[in-house]
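Undergrad: Respectively, the protein sequence lines represent chains A and B.
Heads up: the first sequence begins at 1 in this note's numbering, then just goes up one per residue.
Heads up: the second sequence begins at 1001 in this note's numbering, then just goes up one per residue.
No wet-lab data here; the hints were simulated from the structure.
Covered, in the sense of this in silico footprint (three residues per stretch, anywhere, with C-beta under 8 angstroms from a C-beta of chain A), are these stretches of chain B:
| hint | region |
| --- | --- |
| 1 | 1109-1119 |
| 2 | 1224-1232 |
| 3 | 1271-1283 |
If the Cβ cut is set under 10 angstroms, some of the chain B residues that face chain A in the computed set are:
| hint | residue |
| --- | --- |
| 4 | 1035 |
| 5 | 1096 |
| 6 | 1099 |
| 7 | 1221 |
One side of the interface only, derived from the structure: several residues of chain A facing chain B at Cβ under 7 angstroms:
| hint | residue |
| --- | --- |
| 8 | 85 |
| 9 | 97 |
| 10 | 103 |
| 11 | 205 |
| 12 | 245 |
| 13 | 255 |
Since this is a predicted model, take the numbers as computed values, not measurements.
Where is the CB? At the ideal position from N, CA and C, for every residue including glycine.
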Amino acid sequence: MSGYGEAILVMLAINIVVALAGYLPLAAGQLNLGIAGFMAVGGYTSAYLTSAYHLPMGVGMAAGAAAAGLLGLLVAVPVLRTSGIYLALATFALGQVIQAAFLNIEAVGAAAGYPVKPYAGFTVVLSVAFGVLVAVLLLSRTRFALLLTATKNDPLVTELFGVDVRAIRVAAFSLGALIAGIGGALYAHHYSYLEPQNFNIMLSVYIALYVLLGGTQTVAGPIVGAAFFTLLPELLRAGSHWRFVIFAVLIILVMAVRPEGLITGALARRLRFGKRREAAS
Amino acid sequence: MSGAVFAQQLVNGIMLGGIYMLIAVAFTLAIGVLNFLNFSIPGIFMVGAIATWRALENGWPWVGAIAAGLLAAGVASYLVERFTYRWMRGLDHEIPLVSSLGFLILFENLVLIGYGSDQQTFPALMPDFNIRVAGLVIGTGQLISLVLALVLVIAASGLLERTRIGRGIRAVAENADTATILGVEIHRVVPALFILIGLLSGVSGILFAMNYLQVSAFMGHEIGLKGIAAMVIGGMGNIWGAILGGLLIGLIEVLSIAFFGANRADICVYGALLLLLVVRPEGLLGGSAIVREKL
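Make the full structure from the sequences, and use the hints.
TA: In structure tokens, the structure reads:
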């Protein structure tokens, strides 16, 4: 495959991973505007452990994911007392604090940036991303996915049925943070350089847009959203700023016409039934 | 740090807070009345400043240029209403939020295409002139901005309190459906509110440009984000809370730069926001909001 094709596929793989990180909390009705912060935690942790302690890359990535997940768990408990806009704002504040914190940690280069040693090539990035995707797909076939949807649709009734809604929310949020950590680690080891400025609020915003544009009802939603965001700008390469303009107009239009996102649960079911009918006939 | 230097920092913080105040009030009007976290506001802030700058470049007189900036900001905000809120009333709160982000990206990239990504120099309206009071240095530009911001916010508050359209806006804030049944013309009231939001954001952008003498496509980002922080700290939906929050964020920023250095200012500002959201999500003045909590 050409270098260009590989570069696009790597970008797509990383974007799908972080979109899944945004999808899990959104499936339970929580907008996380701090995904970039969790990516930074995962990326910097893995980069530091592999550079300073010469740990193997796999261990570093696992540690990065664990660190991001743990931080997610730590903040989820107090922050998830609030909901709706307050939660989105709290995660926004958290992302800003994390970014500003890395700007001040000299051990990882502070504002000057931090070179990352072990290199994750095309195969590694794609395999890890595939692993994450399979894990989320498996998760989506369990009762947990049902509880996420129930929590999103009506937390009160779900609570009345004896489900610990808060535990579900904390789990979805922390799991999302963990996956964001994996995404950040992949980013760090593939691009071999970390800068706090890369993990800014606009990155978090774009990730949230991937998911909301694709749809929060199925796992296919964030994948389609991430693919749309990654590939469309490439197809529209003509004018570099014009592609963002077209892209912005598309967001506004899609939200107006299909506020639930491109891929909805109903659409996914229809496609599946269609397949079954074909198989029968 | 000596007492005089500290007092000077307090003054600087309050002056900076004056800029955040207007943006915070614009955010708080959108949240309080429409339950809409309107991310296009930083874009409208920038549109107001850029339009004024363009008009000045074309040799327009000051008054005309500022009017052009305000007009552009008002129109931009009206467009946002037309294509986000009007289509999506009653849906999940994230949906208009996403569309308003779309508008932010749209405005910024249209300006990038038109004028490039460089900082552009904004001509000085008034000679840089400092007043000295009891050993404190106060920039006239900043002082005028602060006073103007306070006057505008008080005027907006009066508009909400006393006029017919203001009563309509407050009725919609209470409950859009009931307000419609009671004869509030929601299709007039909401656009009017958006134009008010646009004008406040535009004024804020023009004042920013006058004080810092530069404009760029992304000038709204940092100010907008601090405006959101100011709104939340004061209490969402509360105009006086936005004023208090704006001043507090200005003070926290200036003092943390003075004590801990510029790189640590964001930790303090957004750390304060995070702490507040955990401890007291309703904000400092949240109890007396112009609307009851609906989220």
